[in-house]
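**Q** Residue-level listing of the chains:
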Amino acid sequence: MNEVQAPAARRIPDRLDNPLRSAVFSWQTLLLLVAIAIFTANSFASPYFLTPWSLSDATFNFTEKALIALAMALLIISGEIDLSVAAIIALASTAMGFALQFGADTPGLVAIGIGAGIACGAFNGFLVTGLGLPSIVVTIGTMSLFRGISFIVLGDQAFKGYPASFAFFGQGYVWWVVSFEFALFLAAAAVYYVALHRTNFGRRIFAMGNNRVAAQFSGVRVNRIKFVLFCLTGLMSGIAAVLLTSRLGSTRPSIAQGWELEVITMVVLGGVSILGGAGSISGVVIAAFIIGLVTFGLGLLNVPGIVMSVFIGMLLILVIALPIVYRMVRQR
Amino acid sequence: MSRLVRTREIWLLAAIVAMIGAITLRTPAFAAPGNLLGIFNNTAILIILALGQMVVIITRSIDLSMASNLALSGMAVALINAAYPEIPVPLLMAMAAVCGLALGSINGFLVWKLDIPPIVVTLGTLTIFRGTNFLIAGGQWVNADELSGDFIQATRLNLLGLPLLSWCAIAIALLFFVLMTRTPLGRSIYAIGVNPTASVYAGIDVGRTKFIAFCISGLVAGFCGYLWVSRYVIASVETANGYELSIIAACVIGGVSIAGGIGTVGSAVLGALFLGVITSALPVINISPFWQMAISGAAIILAVILNARGERRKGRIILKRAETGA
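Sequence order for the protein chains is G and F.
As numbered in the working numbering, residues 1 to 332 make up the first sequence, in order.
As numbered in the working numbering, residues 1 to 326 make up the second sequence, in order.
Possibly wrong hints are sitting among the right ones.
Unchecked claim - Label-pair ranges, simulated between beta-carbon atoms:
hint: 1; chain 1: G; residue 1: F102; chain 2: F; residue 2: A102; range: 54 to 64 Å
hint: 2; chain 1: F; residue 1: M19; chain 2: G; residue 2: F126; range: 24 to 34 Å
hint: 3; chain 1: F; residue 1: T183; chain 2: G; residue 2: T199; range: 50 to 60 Å
hint: 4; chain 1: F; residue 1: V284; chain 2: G; residue 2: S250; range: 31 to 41 Å
hint: 5; chain 1: F; residue 1: T27; chain 2: G; residue 2: Y173; range: 54 to 64 Å
hint: 6; chain 1: G; residue 1: V329; chain 2: F; residue 2: A202; range: 26 to 36 Å
hint: 7; chain 1: F; residue 1: R182; chain 2: G; residue 2: V325; range: 33 to 43 Å
hint: 8; chain 1: F; residue 1: G38; chain 2: G; residue 2: S254; range: 20 to 30 Å
hint: 9; chain 1: F; residue 1: N143; chain 2: G; residue 2: R198; range: 54 to 64 Å
hint: 10; chain 1: G; residue 1: Y173; chain 2: F; residue 2: N286; range: 42 to 52 Å
hint: 11; chain 1: F; residue 1: A298; chain 2: G; residue 2: A111; range: 52 to 62 Å
hint: 12; chain 1: G; residue 1: S254; chain 2: F; residue 2: P184; range: 28 to 38 Å
hint: 13; chain 1: F; residue 1: P184; chain 2: G; residue 2: S250; range: 52 to 62 Å
Don't read these hints as lab results, they were simulated from the structure.
Note that the structure is predicted; figures quoted are calculated from it, not measured.
Even glycine gets a Cβ: it sits at the ideal position worked out from N, Cα and C.
Next comes chain G alone, as it looks inside the complex (with noise of 0.2 Å):
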């Protein structure tokens, strides 16, 4: 995030790519062609891969987290992180549950849910923006401090007994196989693709991302954006604690721990740059797929969770060196 590099001499090409060329070669492609090798393995290594409910199955196991993968992406493309999401919706959850003691409905629920994982990305905004501080090492606190309440408010209990009607978001389904958290997430998804690469929104963030201080100088009002990032990347951790409560039916202040790293790993590896100023929410989405599609293909072939992280961490790694080595061989 800090990176400083000596300024290299820049390389001006005669002609520009060509549109075909230059799509051919994207990351996006790069990572569709991965999803489809993982699918198609994926379908000959299990015959219950390949079933509409099966694959309805598989998308629970990313929604959530994409989810907010699609705010996270905005954040870090503007040169700041979050790491504090998984305590967020630990936070948002148990304020769910804390409401439901007082006999909260599932309107109430929702709007709590939602409310406080606003406020907990508006807190980690002001640290960052009001005082000025740097956002890893804020939200390394702030993960700490939000899951923290949430012990101290439930101990080792849980909180239980949601309204029927609650169960709705994290696993009812709004056509056929198609569940209400997956809809949710194409929605998502487009809002968020129309305001990184359509808006002036979306370019500010670029721009801040690319050089924070030339922004400031192009009018770019730098950290009223940052503020509204981390706002919505509370937003989006709120949801997700909506979902993912609503599809355990329970609250424990161990909910969605480790998140916040797999959250990161689907940005990474949608091509975002961890160090600002580029990414595309297209990529986003394909690596969550991805994501998904290696939990879930594993899991069937009966592979345990923990070894599965080894398939994604080797993913993360290797699909970010592929290009570098490439560029390097290519140079010599």
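Fit chain F to the supplied structure of chain G, relying on the hints for placement.
**A** For chain F alone, kept in the frame of chain G given last:
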């Protein structure tokens, strides 16, 4: 600059002493020398790990894989010990350290040769190391009855009133002090943290120095793998799960700047001790251990706010000098 950091260290030391004092008012037995030495011994592993992490953070990198490295190296020597109890413990310690060094060098290599950002590399190796731990152990635990007596007793060996574990922390802290303040390598590590571009012009190989920093953190994590298994008498897949953030927290509380270039051996040790005292104090003053996470989170945020004040002042001075120089 060193005066500024010194005063920070003194403040932190004062905070730790004040905390111990306040707890002693309620529970006089807390300040008994035996108890304080016990707290130090309990914090020894965190101190050693924080020192390794500090070196990496000073070079503007971060090592998220230390806890997984610790777990994997610890599991490796525990399995060796269970299978071949006749191998002497000092050799096992060396094996753990070498295993950690090898894992750390993977991180360092990817950062140095492929120029992948350290946070991405160690995020990947974090999960890979932990998964490998599961694979080599087949998901099993290595329990106390499978470990040899020497293996378990080594860290408890009493020398001049202190267990060997505490001596390890003291010795490693001294080694790091010499490394960071008295060797060209230490100077290079600070230099590339303060200004990588200037370091290149000064003839320092930035990538290679980062590689060495990751080797150091890996070596330390591997050695702690042995210490951890010997101390807690169990090696499992879950060993030190999530501990990487406590290590970073110790550094941040101590005043090691995540932006690189700032941090001393004293600061890392005090940061770790601060967390150690909180952990030991909570049960004594009858606060549920469930409060610990939130308190250390609040401590981290507070420490970052204080750090930022100190650094901002320093940053301005450097800018002015650069302007007049140019």
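**Q** With reference to the structure, classify each hint as holding or not holding.
**A** Okay, the hints, checked on the actual structure:
1. G/F102 <-> F/A102: 54 to 64 Å: Holds, at about 55 Å.
2. F/M19 <-> G/F126: 24 to 34 Å: Check passed, 27 Å falls within 24 to 34 Å.
3. F/T183 <-> G/T199: 50 to 60 Å: holds (53 Å)
4. F/V284 <-> G/S250: 31 to 41 Å: holds (33 Å)
5. F/T27 <-> G/Y173: 54 to 64 Å: holds (57 Å)
6. G/V329 <-> F/A202: 26 to 36 Å: Holds: the Cβ-Cβ distance is about 31 Å, inside 26 to 36 Å.
7. F/R182 <-> G/V325: 33 to 43 Å: holds (39 Å)
8. F/G38 <-> G/S254: 20 to 30 Å: Between F/G38 and G/S254, where Cβ atoms are some 29 Å apart, the hint holds.
9. F/N143 <-> G/R198: 54 to 64 Å: holds (59 Å)
10. G/Y173 <-> F/N286: 42 to 52 Å: At 50 Å between Cβs, range holds.
11. F/A298 <-> G/A111: 52 to 62 Å: The hint (52 to 62 Å, Cβ to Cβ) is violated, given that F/A298 and G/A111 are roughly 27 Å apart.
12. G/S254 <-> F/P184: 28 to 38 Å: violated (46 Å)
13. F/P184 <-> G/S250: 52 to 62 Å: holds (57 Å)
Going down the numbered hints, you'll see the structure goes against 11 and 12, while the others check out.
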